[in-house]
Amino acid sequence: MKQTFQPQRRVLLALALAASSMLPVAQAQTWPAKPVKIIVNFPPGGAADQLARTIGVPLSEALGQPVIVENRGGANGNIGGEAVAKASADGYTLLMSSGGMVSVNPHLYPRMPFDPAKDIKPVAAVARVLVYLVTKPDLPAKNVQEFITYLKANPGKLSFGSPGNGSSPHLAAEMLKSQTNTFAVHVPYRGGGPALQDLLGGQFDFWMDPGVGLTHVRSGRLKLLAVGSPRRSPMFPDVPTLNEAGLRGFDADTYFGLYAPASTPTDVVTRVNREVNRILATPAVRERIMAIGGEPAPMSPSDFGSRASIDSIRFGALIKARNIKAD
Numbered sequence: 545m546k547q548t549f550q551p552q553r554r555v556l557l558a559l560a561l562a563a564s565s566m567l568p569v570a571q572a573q574t575w576p577a578k579p580v581k582i583i584v585n586f587p588p589g590g591a592a593d594q595l596a597r598t599i600g601v602p603l604s605e606a607l608g609q610p611v612i613v614e615n616r617g618g619a620n621g622n623i624g625g626e627a628v629a630k631a632s633a634d635g636y637t638l639l640m641s642s643g644g645m646v647s648v649n650p651h652l653y654p655r656m657p658f659d660p661a662k663d664i665k666p667v668a669a670v671a672r673v674l675v676y677l678v679t680k681p682d683l684p685a686k687n688v689q690e691f692i693t694y695l696k697a698n699p700g701k702l703s704f705g706s707p708g709n710g711s712s713p714h715l716a717a718e719m720l721k722s723q724t725n726t727f728a729v730h731v732p733y734r735g736g737g738p739a740l741q742d743l744l745g746g747q748f749d750f751w752m753d754p755g756v757g758l759t760h761v762r763s764g765r766l767k768l769l770a771v772g773s774p775r776r777s778p779m780f781p782d783v784p785t786l787n788e789a790g791l792r793g794f795d796a797d798t799y800f801g802l803y804a805p806a807s808t809p810t811d812v813v814t815r816v817n818r819e820v821n822r823i824l825a826t827p828a829v830r831e832r833i834m835a836i837g838g839e840p841a842p843m844s845p846s847d848f849g850s851r852a853s854i855d856s857i858r859f860g861a862l863i864k865a866r867n868i869k870a871d
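Our numbering applies: residue 545 is where the sequence shown begins, and numbers increase by one.
Don't take each hint at face value.
Cross-link-like lysine-lysine pairs, in silico, DSS-like; alpha carbons within 27 Å at most [stated by the list, open to error]: (1) 665 - 680; (2) 680 - 701; (3) 721 - 869; (4) 680 - 721; (5) 680 - 767; (6) 680 - 662; (7) 578 - 630; (8) 686 - 767; (9) 581 - 630; (10) 696 - 869; (11) 665 - 630; (12) 696 - 581; (13) 686 - 581; (14) 630 - 662; (15) 630 - 686; (16) 665 - 578; (17) 864 - 721; (18) 701 - 581; (19) 686 - 665; (20) 869 - 630; (21) 701 - 767; (22) 864 - 696; (23) 665 - 869; (24) 696 - 630; (25) 662 - 869; (26) 864 - 662; (27) 665 - 696; (28) 696 - 686; (29) 869 - 701; (30) 721 - 665; (31) 665 - 864.
Hints in this document: simulated from the structure, not taken from any laboratory.
Let the hints inform the model, and build the full structure from the sequences given.
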């Protein structure tokens, strides 16, 4: 009896193996068949959160399934990043993050809970996020030169906020301090939203705003002095860059976008990338991204990954030179 059924068992085993090898392809072809979750690795109100919600609705319409945005902040983005890195690689869990988690955190944390270079993959860049030198309205400085003079005259008396140690606004402020040979006290927060609220409340003096406070600049509740980007912002064409103000080569821009678990099927990544790039070209989304001080940044997954590698080199050098540590 054993010999009679052995060939039959071999056939069944071969069919099972063939079927299992086809699963990723089948998943990619039928994806999505249920809601897609975007985990934002920072609290509500920050740039990553606003960008996720900006593309979430049109992406849901394009995919024909709900797109759910969930915030999991903490550890400068590592908590949300780890959740996605360890999620099922089926295309139903994506990450919206600043490039800092990939290009900065490995320089900050001696031990990461996951390896951004191996455990997640770039899917679609969403925006190049500029940072803006913003102060509370009663700070006695009308321009960058007066601000720097005031900083030098009051070493250690001024404070600046950021979404956390090693965040792009923190690194931008460290660039500013390094190039001007000034000192101010850093006040880290658990996200851009909470930091903005305390700046509005006068709890610290200035910060390098990733765009979330620009509505308050327009209303007069905050004061904008300069842009920390190689070129001026189209939203504020009359506001100079820090490079124009004498801080040569100042560039603190960072790229925000979508990532996925490393083994996510290529067809799914290609589909999301195509849809996001199309969405970024629509007037409503472009205007929304520009309203928070950013610029749409459509590119391929490989170009998005290359951008993170370039940023890792330049930000890693700054972190080492300034001896910046994780929270």
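Just pull the numbers of the violated hints for me, sorted ascending.
Numbers 1, 6, 12, 13, 15, 18, 19, 24, 27, 30, in rising order.
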